[in-house]
Each structure stands twice: as structure tokens, then as C-alpha cells.
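*Asks:* Protein chains in written order, with the numbering used here: chain A, 590 to 781; chain B, 590 to 781.
Note that these hints are calculated values from the structure, not bench results.
Treat the hints loosely; a few may be bogus.
Because identical chains share one entry, a pair is satisfied inside a single copy or across any pair of copies.
Straight-line distance between alpha carbons at most 20 angstroms, and here's what the computed SDA-like set of lysine to any residue pairs gives [as the list claims (entries may be wrong)]:
hint, residue 1, residue 2
1, LYS640, VAL626
2, LYS686, ALA701
3, LYS686, GLU763
4, LYS606, LEU655
5, LYS780, GLY658
6, LYS686, THR702
Below are the chains, spelled out letter by letter.
Protein chains: 2
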Amino acid sequence: MAGTNDSTREALLDAAKVLAQTQGYNAFSFRDLADRVGITTASIHYHFPTKAHLGRELVIRYRERLMEGCRQIDARATKPRERLERFIGVLRGAIEKGTRMCLCGMFGAEFATLPGPVRDEVRSLFEATEGWMAGVLGEGRSVGVFRFDGDPERVARQVFASLQGGMMTACAFEERFNAVAEGLIRTLTHKG
Amino acid sequence: MAGTNDSTREALLDAAKVLAQTQGYNAFSFRDLADRVGITTASIHYHFPTKAHLGRELVIRYRERLMEGCRQIDARATKPRERLERFIGVLRGAIEKGTRMCLCGMFGAEFATLPGPVRDEVRSLFEATEGWMAGVLGEGRSVGVFRFDGDPERVARQVFASLQGGMMTACAFEERFNAVAEGLIRTLTHKG
DNA sequence: GTCTATAAGATGATAGAC
DNA sequence: GTCTATCATCTTATAGAC
Numbered sequence: 590m591a592g593t594n595d596s597t598r599e600a601l602l603d604a605a606k607v608l609a610q611t612q613g614y615n616a617f618s619f620r621d622l623a624d625r626v627g628i629t630t631a632s633i634h635y636h637f638p639t640k641a642h643l644g645r646e647l648v649i650r651y652r653e654r655l656m657e658g659c660r661q662i663d664a665r666a667t668k669p670r671e672r673l674e675r676f677i678g679v680l681r682g683a684i685e686k687g688t689r690m691c692l693c694g695m696f697g698a699e700f701a702t703l704p705g706p707v708r709d710e711v712r713s714l715f716e717a718t719e720g721w722m723a724g725v726l727g728e729g730r731s732v733g734v735f736r737f738d739g740d741p742e743r744v745a746r747q748v749f750a751s752l753q754g755g756m757m758t759a760c761a762f763e764e765r766f767n768a769v770a771e772g773l774i775r776t777l778t779h780k781g
Numbered sequence: 590m591a592g593t594n595d596s597t598r599e600a601l602l603d604a605a606k607v608l609a610q611t612q613g614y615n616a617f618s619f620r621d622l623a624d625r626v627g628i629t630t631a632s633i634h635y636h637f638p639t640k641a642h643l644g645r646e647l648v649i650r651y652r653e654r655l656m657e658g659c660r661q662i663d664a665r666a667t668k669p670r671e672r673l674e675r676f677i678g679v680l681r682g683a684i685e686k687g688t689r690m691c692l693c694g695m696f697g698a699e700f701a702t703l704p705g706p707v708r709d710e711v712r713s714l715f716e717a718t719e720g721w722m723a724g725v726l727g728e729g730r731s732v733g734v735f736r737f738d739g740d741p742e743r744v745a746r747q748v749f750a751s752l753q754g755g756m757m758t759a760c761a762f763e764e765r766f767n768a769v770a771e772g773l774i775r776t777l778t779h780k781g
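Required output: the full structure, derived from the provided sequences and hints.
*Replies:* Okay, structure coming up:
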């Protein structure tokens, strides 16, 4: 029902996603988007009245797909450590596909300049992802593979911030994300 | 000699710094800058031929001042842990002054869209800061207050990425940087 | 749904007077 | 050094034909 196959609309969101991940919300224009999809800028407005509408739906779809990815990770891997590693693999995949940031990191940095409705969805994106990760970390600790003090929610925020920062660094220095990710896992699994 | 007191030029760099930290390179304009300093956009071009020149000098000055700050930390604190905490305090200060990103994080995220000369200075900014931090971490480990495996340079990159990610998150959720920073110190000083 | 045409404003940048 | 005036181009967005 929701999400009927409107191919132009989907193509616009696909192109906008890549542009937003590589350049940011402020650095891509309707013209960039129109050129990539092969229509005129006027046609974009038929699908999305304003850039803010486009941005908002972009983040909503990104969150839904990321959460769907997390559910698939849960279905395919039962061990918390493997779940975490698979999640990190998703982020790594974005970098390897062309030094793309996660939308969390990119829109987080641009947060002050985003339209209100986009901001709301970005916050929701953070909370959903960190919530899933808190579950993985909490379960990992209870089975004894992860080791940390305090609230899993707090540690999830810390781990997520670290990964986002690693992706950001990878924009300036290729091959730096892996060092951050591996160090993170080592820390979490460290047997003091 | 270098850096004669050209007050308009300095005022431009000051205003550009705040705008770059809060909005990013792509989101601020010569008009924003001119309005804040009280001159016209044409006058900006007398001091900086292009926006790329302005951006480049902005990053250079930022790096020089940050490194000067690190030297002052070294002079005022001898314990590695206190040095790290003071550095974190500098980042926290930027957030508390108005949810400002570090230029590393903001320009790192925008990296793909930055003019070449600005990119070069951003890389240099990362390297200088991470180099200083590697020294603090290495010394901390040798005196037994920090505990980590592997190369101090690698861990410095990880710690720095984590802090940058924490600042990014703080743009969307106030009061989140402290949780990241405190968790980080706890991890580094943990007595397994 | 997509187009052409157009709008109103912003953008970085230049020429030349003062 | 700073200004006015101007530039070409880009920006998001709208009206109306097809």
C-alpha cells in the first residue's frame, strides 16, 4: 500500500541519497538531481513540492531501509558480536561504494541548516539505530562476549558516534574506517 | 611578521570560523560574512580573492591556534590524562558556545565538495591533531594511566574519530558529547 | 507526469570610482 | 580599503501547455 512503485519518484530518492551522502544536503541542487534522473527540475516539484519535502522523505526511507537491514542481520546472525560486525559491514559498504557518509553523520553535521521537518526525521534516525545497537550490546554483555560499564543505551551512543566519526575521517583519508572499527570491537571484547 | 594586525581581515576570519563551524563551508555565503563584519561582499574579495582562498586560510589559522592550544596544555598539565581531559574541554567549549562543530568534523563531512587547497589543509589539520594526541596516549600508556593495544597513532585516530562523532551527535542532541567523552576516558583508563 | 518558460532571489566575482 | 554598480550563473519554485 504505502510505497507504490512510482519509478521516477524512487529514482529521485535514489539519486538524492547518493548526492546527500557524498556532498550533503546543502551542496546538491535540483539541477544535479534532474540531470542524474533525466528529467527537468520542474518535474521534481511534481513529486516533491519543496526540497524540504524531498529531504524529509529521503531520511524516512533511509531509516526504514536501515532498520530493515538490522532486522535481516538479526535473522541471519544470532551472536551479538557477529551482529555488530555485520552492521559495521553495512557502513563499510557505503564507504567502499564511493566514500559515502551515513546520512546520520552528514545530516548531523549539517543539522543547524536543515529544515525543521528534516531535522525531526534525522533525530528519529539516530534513535532507531542507537536503539537497535543498544539491544545488541546489552545481549552481548549478558552472554559474556562484550564487556563495558553502565547503560547499554549510553554505550550504544558512544559506539555509534565513534563509527560515524570513523566514516567522516574516511572521507579525508581512505582506509581509516577499518582501523577505527577494529579498534572498537577489540575494546568491547577485551578480556581485561 | 606573518599575521600583521589587519583587523578587517581578522574579523572576516573570525566570522567565517563561526559560520563554518555551525553551518559548514557550503552553507555560508559572502553575504552572511559581509553582514556580520559590516562591510560589503565586494570588500571581502580585497582580502581574499576567492572563497577557496578564504577557506584555506581559515583552516590554516584554525590549525595553528589549535596546536598553540595543545602546546599550552602541555605547558600547564604534565599528566597525560589531564592533558587529554583538557583537550576534550576545548572541544566541549566549542559545543557550549553554540553547538559548534570542530572544523575537522565539519570539513571532513564536506570533504568531497571542498576546493583542493582547502582539502589539503584539512588533511594537515587532522594529522597535526592526531599526532599530538598520539604523543599524549603513548606517554600515558608508558606511565601506566592509559591501557590499550597497538600503535598509539592508530588509537589516537580512533579516539579522535570518536570525539568528532560525539560533537556531530551533539549537533542533533545537546548534552550527548559528555557521555561520549566520559565513556572514552573510562575505556582508556579501565583497569581490566 | 513531463515539458517550456519564467520568475525572484541568491551566489561568487569583477570593474572602476572614491 | 571600501564603496557602488554590475555580471553571469545558479538556486528553488510556479504557471500553464501538452
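*Asks:* State for each hint whether it applies.
*Replies:* Going through the hints against the structure:
| no. | hint | result |
| --- | --- | --- |
| 1 | LYS640 with VAL626 | within (16 angstroms within a copy, 30 angstroms between copies) |
| 2 | LYS686 with ALA701 | between (28 angstroms within a copy, 14 angstroms between copies) |
| 3 | LYS686 with GLU763 | within (12 angstroms within a copy, 32 angstroms between copies) |
| 4 | LYS606 with LEU655 | within (13 angstroms within a copy, 34 angstroms between copies) |
| 5 | LYS780 with GLY658 | neither (30 angstroms within a copy, 36 angstroms between copies) |
| 6 | LYS686 with THR702 | between (27 angstroms within a copy, 17 angstroms between copies) |
Violated hint for the displayed structure: number 5, the only one.
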